[in-house]
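J.: Chains as they are written, first to last, in our numbering: chain A, 1 to 247; chain W, 248 to 480.
Hints listed in this document are in silico derivations from the structure and should not be mistaken for laboratory results. Treat each hint with caution, since some may be false.
[Unchecked claim] Facing chain W, a subset of chain A residues (Cβ under 7 angstroms, in silico): (1) 88; (2) 94; (3) 96; (4) 97; (5) 109; (6) 110; (7) 113; (8) 138.
Just so you know, even glycine gets a beta-carbon here, dropped at the ideal spot from N, CA and C.
Next come the chains, spelled out residue by residue.
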Amino acid sequence: MTSFNASLQASSALLPPPALCFDGVTFSHEDKQLLGPCSFNLDGTGPTLVMGPNGAGKSLLLRLAHGLLAPTQGRVAWSGEGRPRQAMVFQQPVLLRRSAVANLTHALAVNNVPRRTRVKLAYDALERFGLSASAHTPARVLSGGEQQRLALARAWVLSPQVLFLDEPTSALDPAAIKAVEAAVREFHQRGTRIVMTTHDLHQARRLAGDVLFLSGGKVREHTAAEAFFDRPVSREAQAYIAGELVE
Amino acid sequence: MENNNAFEVALSLLLNLDASLFQIVALSLQVSILAVLIAAVLGFPLGAAVALWRFPGRGGLIVVLNALMGLPPVVAGLMVYLLLSRAGPLGDWGLLFTPSAMIVAQVVLVLPILAALSRQKVEELLGEYREQFVSLGMSRLRMMPTLLWDARFALLTILLAGFGRASAEVGAVMMVGGNIEGVTRVMTTSIVLETGKGNLPLALGLGIVLLTLVMLVNAGVYWVGELTRRRTG
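Using the sequences plus the hints, can you model the full thing?
T.: Shown next as structure tokens:
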């Protein structure tokens with residue numbers, strides 16, 4: 001376990017990230033169907049951007065994929081053996097009431113990384129995300145942008161094969177957005193499958209490998225990014241890209 | 248004896264570090280601090296467990312814990328008295344009218360406060376952390392120490408509230424301690440006794456110490472609250 005991070009990085013660089021398969025997935029709450037039925041495969045290189053108007057079910061889809069919610073019907077499956085290592089970054093980063101570095105060592109401790117390795121991995125990640133100077137600052141007094149970078153650093157130390165991001169930049173200023181997007185690219189280059197929701201068309205154009213477009217709880221379109229932005233097929237996506245108000 | 252005069256004598260007892268007065272203060276602190284620590288070791292995990300797990304009767308347990316926060320000290324004393332008296336189930340231990348019995352009675356009194364208030368705080372934190380915890384793959388058992396540590400400032404405040412309750416009550420320690428001079432006499436019981444005897448200086452001296460203690464505890468609660476706001480924004 002001492003080479004925890006190194007061995008994982010080596011293995012994820014060699015192997016393609018695990019593919020995600022939704023098979024007839026629905027999600028209902030109090031007899032109201034909020035999502036689905038959804039069937040799709042995320043087996044490309046990504047990053048996959050999940051787009052759509054408010055209430056389309058983007059966050060719900062991410063939570064079902066990550067396993068925070070169980071589907072009412074259907075199946076969420078992964079290629080390969082077992083459940084891949086995965087992490088999620090939320091719109092509002094959820095940070096513990098401890099120092100920045102303690103937030104990272106806690107996540108490593110939970111994942112049974114030996115004590116000696118934890119501190120080194122944590123400081124490496126803080127440096128990578130430009131947070132070295134704030135290592136001992138209570139996480140919750142960091143700025144919004146720093147908090148989101150810390151949430152990304154926490155995901156980074158866990159070496160996930162799949163990373164979910166739910167509107168990670170919606171509350172941030174342009175400089176912080178740039179830092180988050182750079183981090184997303186770094187995860188992608190490390191071979192992590194990225195599944196991210198966003199409202200921002202420009203951001204989607206900058207990051208997307210493929211786009212999963214939702215509206216009204218249904219997948220309307222799943223295509224390569226260029227095709228999606230240039231020649232959207234579904235009426236809803238056409239309207240969304242044209243800037244109309246889609247329900 | 249004039250009351251003004253009694254006040255002066257009380258101050259001189261304090262300033263001259265009167266031996267009998269300080270023995271009483273020391274025993275009071277010893278009993279209440281030990282009782283609160285034991286109640287914390289039992290009560291905080293209990294509160295966290297009730298916050299974390301769903302089980303039949305959970306709602307009832309929460310209501311009972313909340314209600315027991317207002318348990319009258321004499322009733323707690325009576326329960327422990329019945330338990331420890333010669334004819335009681337634990338009578339063979341010979342604990343009645345010893346400081347140990349007083350600690351047991353105060354644990355009974357303080358435990359519901361610590362458990363009920365920590366349950367509220369931990370549940371509030373869990374609401375905020377739950378998705379992140381599930382995302383990290385944490386079991387409920389693993390969540391418990393994380394939540395208790397992250398609630399540490401609130402728990403310290405709760406601990407001080409429990410100490411305030413224990414050190415200020417008279418009914419429970421009187422019933423199971425018996426107010427025996429030099430053995431189980433604490434501040435509150437001797438204030439009752441000395442006032443009854445008309446020995447106002449000692450009663451007043453103890454009253455001043457007790458009041459000061461309560462002030463310090465409340466200053467502590469305030470200070471911890473300020474610290475929390477600064478540390479967590």
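J.: Against each hint, give a clear statement of whether it holds in the structure.
T.: The hints, checked one at a time:
no., hint, result
1, 88, "holds, 5 angstroms"
2, 94, "holds, 4 angstroms"
3, 96, "holds, 5 angstroms"
4, 97, "holds, 5 angstroms"
5, 109, "violated, 9 angstroms"
6, 110, "holds, 5 angstroms"
7, 113, "violated, 12 angstroms"
8, 138, "holds, 5 angstroms"
In this structure, the hints that do not hold are numbers 5 and 7, in rising order.
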